[in-house]
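Use these hints to put chain B onto chain A, whose structure you have.
So the protein lines, in turn, are chains A and B.
Just so you know, we're using the numbering used here here: the first sequence kicks off at 139 and counts up by one.
Just so you know, we're using the numbering used here here: the second sequence kicks off at -3 and counts up by one.
Among the hints, erroneous ones may be present.
Covered, in the sense of this in silico footprint (three residues per stretch, anywhere, with C-beta under 8 Å from a C-beta of chain A), are these stretches of chain B [to be verified]: (1) 167 to 178; (2) 252 to 259; (3) 265 to 279; (4) 301 to 312.
Label pairs and their calculated CB-CB ranges [said to hold, decoys possible]: (5) 258(A) to 243(B): 52 to 58 Å; (6) 299(B) to 260(A): 46 to 52 Å; (7) 239(A) to 155(B): 33 to 39 Å; (8) 258(A) to 145(B): 33 to 39 Å; (9) 275(B) to 239(A): 25 to 31 Å.
Derived DSBU-like pairs: lysine-lysine, alpha-carbon spacing no greater than 35 Å straight-line [to be verified]: (10) 222(B) to 244(B); (11) 234(A) to 257(A); (12) 234(A) to 299(B); (13) 299(B) to 49(B); (14) 49(B) to 222(B); (15) 257(A) to 299(B).
Hints listed in this document are in silico derivations from the structure and should not be mistaken for laboratory results.
Every residue gets a Cβ at the ideal spot worked out from N, C-alpha and C, and that includes glycine.
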Amino acid sequence: MDSPLAHVVDGYTRLAASLLERWSAHASMVATKLDAGGYDADDAAADLAATASLATESGFLLASEALDAAAILTGRQDEPHIVDSEVFSTSLAGAKLRLAGPLVSGHGSALPAAVVSVKPPELEPTEADFSLRADATGHRAGTYVGSVVASRGDAVESVTVLIVVP
Amino acid sequence: MGEIRDLIGIYGAIDRATMEESERRARVSQLLPVYQHPDVHWFDDFEEWTNAKREDTEEPPFPSFEDALRGLAGVEPRGRMRARRLFAIATAAHAFPELLESHGESTALAAALRVGSLAEDDERAQNLLELLGDEQLLLESDDLDAWWQSVLAVASYNGLIADTAGMGPRPCSGRLVMVDLPGGKGPVATLRTEFETSEIDFDHAGRFLEPVNWPDCSDFWCEMTKLGEQPPGVHQYHEVVSTDCPSKESAWTIEAELDFSFTRFTDTAITEYRLRDGHPLPNDDVLVDEGSLVVRQIGSVAKPRLRVTTTKRIMFNHPFSGEALAMIMCALGYASVVEDLVFSCATSGAAGAGTSFPGESPAAGPTKGGPPDLGPVIEAVKECIDDWADAAEASSKKMAEGRYTADALVQDMARAWVRIVRDGATALDVSVRSARMPAGTRAREPSAK
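Isolated chain A, as found in the complex (with noise of 0.2 Å):
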């Protein structure tokens, strides 16, 4: 594994390996239970959250090596400082969303609106998931915390966000 493609390809392919063991895994004990029988809410609403977990986490995983990726063909590893926040949600699905204002850290330090942007800024009709990028170079580490504001039609919601700046 010389070559920086190289380094890549194996990166990708460890990682699809792992997933798919796992996703796996998550599947079979899922059927195991539908097997069984009396398969209700309660299992619906834990295996939900788990599968959708599941697949957030393959998401910023798959993206997370692709990032990498990127950083390791072109060399650029030091610059800028991009941070990702995990997964929120508003129960307005499809709504717009935009930063009530800059976010904040425990000891008053500010991540400026900015250069922080809501990923995506309008969801689809039934997306309810969002997250944050931020370009934090420069900035102090912290964990930055503020309100996205989710408005579709009249329902307005605001929803408490923060972001980690290694």
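What follows is chain B alone, placed relative to chain A:
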């Protein structure tokens, strides 16, 4: 002699060996990927700095490899230190595979594992050593975390370690990035570590995030004295850390003045720290020291699960490279305090141990909504699971048959993205609609998954 000092002695011997032979470096880099960089070398510099910092003494600051193993054999590791010792011995076994075949040296390595909280007798210790040095197990593992879990599972199944609970994630898993400081003061090494655990609930974990508890959770923290709260919400502490607290004058020891802040939501506890305003002073050892400890509850009440994220920016008054600092942090455990809090204190402490988390929530209201109708969710979950299971089976079959090519990988990645977006949206949409949330203005706390 301190246990952490012994671990540094082992990592130091490994570091020197990687300089002398590229094959050793390649083997070590399997467990410590930072050694993939051919120029990484830290121990001689660290030892020289330690000698310059401490009081004059004839005794070397860190033990030789042999003395370190002898030292560890006489110390019972507790909590998270059990995992750190396993990982250090595993790295040594991969760095010096010839020792596994040499009876005397192998016995010395195994003796470091033959302690009550790890292997209970000589035979188990020897078998545990062979497991840690098993090259094939490492090669067959998907990644290092999978290798670590396999090691613990096999050790537990075969009774090599009586109880693997509380071991925690793979040590030295921090991810290094170089970050520009405010004001363009140059790049600083930053480590980020994240792990999940279901071994402890959120409230119990939060009781150890207040720094006065840290010296009880790790021998590395000699002192964490609370000095006051000025201004309100900014808590000041005097920190003393050392590789050997009882003999800190002759050991690697640093002190720092830190400001802490604490924030808490229903499912999130955040501890942040940075050097106090006015620091560093001209003679301070620590020029940059700031970061976060974030504990999030991501499970349910019935099945509590925590995601723990640690970040640390660190710069000493000595020009270490980022990679060197990453290895120093690995050997010291300096960037991994939460692992000690969770696995050395919280999982083993009594219900009332620790102190109340001092943080308060910023403005955020409760989530509203009626009980959800989960009927449609059941169907969505079934479809989602079936789809992913089919995809996983198809790709696994290709891998098993050796037909999994780069093209297949690219296709799978593309399909995976489509599937994630489609299935996630479908299931969550059904869930959200079923929840019958009332429209209107309201606030919600973070709900990251």
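When the structure is checked against the list of hints, which entries are broken? Sort them ascending.
6, 7 and 13
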